[in-house]
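> Spelled out from the first residue to the last, the chains are:
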Amino acid sequence: MKYAYYPGCSAHSTARDMHESAVAVAEALGIDLVEPPGWTCCGATAAHQTDRVLAASLPAANLLKVRDMGLDMVVNCAACYNRMKVANHEVSTDPAMQKLVSDAVGGDYDGSVKVRHIIEVLLEDVGLDVIKATLKRSLNGLQVACYYGCLLVRPHEVTNFDDPENPTSLDRLVSAMGGVSLDWPHKVECCGGGLSMSRTDVVVSLTDAIVGMAKAAGAQCIAVSCPMCQINLDMRQLDIEKQTGTRHDMPVLYITQLLGLCLGISPDELGLNKLMVSSASVIERLEVHAHD
Amino acid sequence: MTITIKKSSKEIEGLIRRVEEISGVDLNLCYQCKKCTSGCPVAKLTKSPPSEIMRRLHLGAGDELLGSDIIWACVSCETCSARCPMGIEVAAVMDALRILALEKKAAKQEGNVPLFNRAFLSTVKLFGRTYDIAMIAAYKIGTLKLMNDTEKFPTMLKKRKIALLPPTGADRKTTRRIFKKAKQNKADKE
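Residue numbers (the working numbering), protein chains in the order written: chain A, 413 to 704; chain B, 153 to 342.
Read the hints as simulated data drawn from the structure, not as lab findings. Quick reminder that beta carbons are idealized off the backbone N, C-alpha and C, glycines included. Among the hints, erroneous ones may be present.
[What the hints assert, rightly or not] Among chain A residues calculated to face chain B with C-beta under 8 Å, some are:
| hint | residue |
| --- | --- |
| 1 | Val-446 |
| 2 | Ala-458 |
| 3 | Ser-514 |
| 4 | Asp-515 |
| 5 | Gly-604 |
| 6 | Gly-605 |
| 7 | Thr-612 |
| 8 | Ala-628 |
| 9 | Met-647 |
[What the hints assert, rightly or not] Listed below are the simulated DSS-like cross-link pairs for lysine-lysine, each with C-alpha atoms no more than 27 Å apart in a straight line:
| hint | chain 1 | residue 1 | chain 2 | residue 2 |
| --- | --- | --- | --- | --- |
| 10 | B | Lys-338 | A | Lys-511 |
| 11 | B | Lys-304 | A | Lys-627 |
| 12 | B | Lys-325 | A | Lys-526 |
| 13 | B | Lys-311 | A | Lys-511 |
| 14 | A | Lys-654 | B | Lys-196 |
| 15 | B | Lys-256 | A | Lys-654 |
| 16 | B | Lys-338 | B | Lys-325 |
| 17 | B | Lys-310 | A | Lys-654 |
| 18 | A | Lys-511 | B | Lys-333 |
| 19 | A | Lys-654 | B | Lys-277 |
| 20 | B | Lys-256 | B | Lys-297 |
| 21 | B | Lys-332 | B | Lys-311 |
| 22 | B | Lys-277 | B | Lys-332 |
| 23 | A | Lys-511 | A | Lys-414 |
| 24 | A | Lys-511 | B | Lys-335 |
| 25 | A | Lys-511 | B | Lys-332 |
| 26 | B | Lys-333 | A | Lys-526 |
| 27 | B | Lys-292 | A | Lys-654 |
| 28 | A | Lys-511 | B | Lys-304 |
| 29 | B | Lys-292 | A | Lys-511 |
| 30 | B | Lys-297 | A | Lys-654 |
Kindly produce the complete structure, drawing on both the sequences and the hints.
This is how it looks when you write it as structure tokens:
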């Protein structure tokens with residue numbers, strides 16, 4: 413299994429742990445990830461709020477690089493994944509846009525590179541049976557609220573990821589790891605995404621509702637697969653406590669970090685020390701049961 | 153709820169036509185079921201929820217609509233588009249309103265999303281990838297709210313959640329070309 417792996421800018425800053433855990437998990441499961449040489453930013457929310465040609469061309473430049481590698485593109489960041497898929501959609505459905513984008517990126521691009529999220533690769537290409545057979549530890553009944561946010565599932569006709577209102581991909585992975593995936597209503601609510609700095613007020617209000625609901629559902633941790641969801645739900649707990657006095661103490665882990673732990677990879681290698689809310693309770697639980 | 157709109161035919165046509173042109177949405181499809189507003193995570197934080205924006209556009213609102221607070225509180229989560237029974241891309245309407253607000257320089261609002269977007273994109277233009285420290289500095293200097301979130305910086309630096317050095321290895325030439333072409337295309341249109 414070989415893929416062109418697009419890490420995204422946050423892989424080298426706020427979401428180093430997302431990147432490190434994905435790479436470690438891929439290696440353990442025999443997935444070969446090759447970075448496209450010279451990959452560039454997808455433009456994220458800032459570009460699509462500014463200009464359509466810019467918003468489609470920034471991802472397309474990377475898709476063109478991947479086309480030349482003759483591989484499918486695998487993305488871990490939900491925002492990059494979304495932008496790549498939207499760019500493919502724009503280019504393949506709008507001939508005028510296809511022309512503008514091809515001119516901007518300096519090469520003819522038709523929107524044909526297949527874009528996959530790493531969760532899709534884990535579920536569809538590796539498969540739950542293989543994952544289960546490779547696990548060294550179990551989550552042993554850890555209660556996990558799986559949080560998908562917006563960018564994986566919407567717009568659904570473009571991303572085509574799982575179910576738009578009740579996705580279960582992360583839940584299936586958690587169950588395979590021996591955890592209890594919780595039924596809760598905020599799976600696809602929005603955390604505020606890219607407005608973390610520019611509208612902190614909005615983000616604090618949204619994350620408080622999401623983390624609070626996870627807690628009410630009995631969650632011992634939240635599993636995510638988007639660097640913006642992760643930093644918002646994790647870091648903004650400090651602001652929630654300051655503003656409302658409520659201390660949620662809810663660890664927010666990438667699904668690849670949970671999977672890495674169950675594959676026997678060390679917490680440091682998975683970047684667990686980078687979380688703002690400590691994941692010690694999750695790690696201890698696995699440690700205890702590992703010696704059972 | 154009563155919606156009052158300013159009647160000024162020339163201005164009115166301009167805004168609707170541009171919103172439909174940029175978003176590719178047929179505004180007449182909306183029948184005000186308000187599913188967009190029901191699912192909107194920021195509706196309760198704003199004065200005009202998405203269904204009201206749709207109605208105002210439908211009734212022929214003018215440029216004053218570009219001052220609506222939801223334009224910059226909208227988190228682009230696309231729940232509205234996903235749930236619209238008529239398949240209207242309400243989120244695309246919001247993107248169009250943002251683009252028009254910038255174009256018509258109506259973009260003055262709390263939090264200053266356009267400034268953040270500019271700071272973000274300027275580092276991408278320069279380095280080919282985002283460079284958090286430069287982006288945060290540009291944004292903070294612009295907003296004059298220098299102390300917001302600074303208490304988190306030491307921890308984030310220690311945890312290497314913010315990169316100190318600018319990104320290397322990106323194909324900056326292509327990124328610069330894209331920015332140039334996008335700007336050219338915009339200028340050609342105007």
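> Look at each hint and say if it fits the structure.
Okay, the hints, checked on the actual structure:
no. : hint                    : verdict
1   : Val-446                 : 14 Å, violated
2   : Ala-458                 : 4 Å, holds
3   : Ser-514                 : 10 Å, violated
4   : Asp-515                 : 6 Å, holds
5   : Gly-604                 : 5 Å, holds
6   : Gly-605                 : 6 Å, holds
7   : Thr-612                 : 7 Å, holds
8   : Ala-628                 : 18 Å, violated
9   : Met-647                 : 7 Å, holds
10  : Lys-338(B) x Lys-511(A) : 15 Å, holds
11  : Lys-304(B) x Lys-627(A) : 24 Å, holds
12  : Lys-325(B) x Lys-526(A) : 25 Å, holds
13  : Lys-311(B) x Lys-511(A) : 44 Å, violated
14  : Lys-654(A) x Lys-196(B) : 22 Å, holds
15  : Lys-256(B) x Lys-654(A) : 38 Å, violated
16  : Lys-338(B) x Lys-325(B) : 20 Å, holds
17  : Lys-310(B) x Lys-654(A) : 22 Å, holds
18  : Lys-511(A) x Lys-333(B) : 12 Å, holds
19  : Lys-654(A) x Lys-277(B) : 36 Å, violated
20  : Lys-256(B) x Lys-297(B) : 25 Å, holds
21  : Lys-332(B) x Lys-311(B) : 36 Å, violated
22  : Lys-277(B) x Lys-332(B) : 10 Å, holds
23  : Lys-511(A) x Lys-414(A) : 31 Å, violated
24  : Lys-511(A) x Lys-335(B) : 15 Å, holds
25  : Lys-511(A) x Lys-332(B) : 15 Å, holds
26  : Lys-333(B) x Lys-526(A) : 26 Å, holds
27  : Lys-292(B) x Lys-654(A) : 21 Å, holds
28  : Lys-511(A) x Lys-304(B) : 44 Å, violated
29  : Lys-292(B) x Lys-511(A) : 37 Å, violated
30  : Lys-297(B) x Lys-654(A) : 18 Å, holds
Going through the hint list in order, the structure does not satisfy hints 1, 3, 8, 13, 15, 19, 21, 23, 28 and 29.
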